[in-house]
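J.: Sequence:
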Amino acid sequence: MTETKDEVATKKDFEERLDRLLNRADACSKSVEAELGRLKSIKGELNALVKESRRIKLKLKEEHEFSEEELEELSDTIEILEETFEPKRKKAEEVLRGKEAEYLTSLQYLKAEFENYKRRAEKEKREFGDYLLEGFIRDLLPIKDALEVAIRHAKENEQSEGLLRGMVREQKQITELVTREGLEEIQAEGLQFDPFRHEVVSRQVVEHHPENTVIEVLRKGYLFRGKVIRPAMVKIAIKEQIEGGHE
19 MTETKDEVAT KKDFEERLDR LLNRADACSK SVEAELGRLK SIKGELNALV KESRRIKLKL
79 KEEHEFSEEE LEELSDTIEI LEETFEPKRK KAEEVLRGKE AEYLTSLQYL KAEFENYKRR
139 AEKEKREFGD YLLEGFIRDL LPIKDALEVA IRHAKENEQS EGLLRGMVRE QKQITELVTR
199 EGLEEIQAEG LQFDPFRHEV VSRQVVEHHP ENTVIEVLRK GYLFRGKVIR PAMVKIAIKE
259 QIEGGHE
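Each residue of the sequence shown is one higher than the last, beginning at 19 in my numbering.
By construction, these hints were calculated from the structure, which means they are not laboratory data. Every value quoted in this text rests on a predicted model; they were computed, and no experiment measured them. Mixed in with the good hints, there may be bad ones.
[To be verified] Straight-line C-alpha distance at most 20 Å; calculated EDC-like pairs for lysine to aspartate or glutamate:
1. Lys238 - Glu202
2. Lys173 - Asp157
3. Lys245 - Asp212
4. Lys245 - Asp157
5. Lys69 - Glu80
6. Lys141 - Glu34
7. Lys238 - Glu194
8. Lys69 - Asp94
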């Protein structure tokens, strides 16, 4: 499926927003690392404690029965870890004392940033879902066109009555499906030419229509959730012959 200009622009916008997010996250990470540098020794001790706690937790998930000796050993180890943690926690609190207000402000800021990020992520998720669905519907339109042409031809052939009923049924189901998802046919015939919704492929000199009125739709156009995904190909009325003849 060939990407349209809108699709390329949408993907570029997503990439730029992700770059901004990554830059800000990287800057935030570096700030945290700088602060952690002051707590390096405590961090190492806590990491060792965490590693040992995780090792014991994994051991508890092993599918075998523990002996009383093993359970007692685990109990002692956990108790030691709990006792070891307390002084390290107090030491960290002493180092961090006086930083509460600063950290609170930072946390409040990060919370607000996170809420904004969630809103943006939800919006981008909806937009990406629309982007995928739009691509599917865009690929489905030629099939819908071909089915409508086949129905017109079958109506002219009396021997195709059974086939016609089947095609009409399929066309109705496809139309109902895409309409539910947000597809809408662009109105054109009898209206003034709209360059944002119509594509002129032919002009005809007529006297009984205002100039630039659409007098025939050569291929239907469609909107998907309010966005033009295929303009209607139209023939428009003109009052005088364009130099060089008809297009």
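J.: Hint by hint, note whether the structure agrees.
T.: Status of the hints after comparison with the structure:
1. Pair hint Lys238 plus Glu202 holds up; C-alpha atoms about 10 Å apart against a cutoff of 20 Å.
2. Straight-line distance between C-alpha atoms of Lys173 and Asp157 comes to about 26 Å, which puts the hinted pair past the 20 Å bound.
3. Of the supplied pair hints, the one linking Lys245 and Asp212 holds, its CA atoms being roughly 14 Å apart against a limit of 20 Å.
4. Of the pairs offered as hints, the one joining Lys245 and Asp157 holds, with about 16 Å between alpha carbons and a cut-off of 20 Å not exceeded.
5. A threshold of 20 Å between alpha carbons decides the hint, and for Lys69 with Glu80 the separation of about 17 Å falls inside it, so the pair holds.
6. Distance restraint check for Lys141 and Glu34: the Cα-Cα separation of roughly 15 Å lies within the 20 Å cut-off, and the hinted pair is therefore satisfied.
7. The hinted pair formed by Lys238 and Glu194 meets the criterion: a straight-line CA distance of about 17 Å does not exceed 20 Å.
8. Distance check on the hinted pair: Lys69 and Asp94 sit about 17 Å apart at the alpha-carbon level, within 20 Å; holds.
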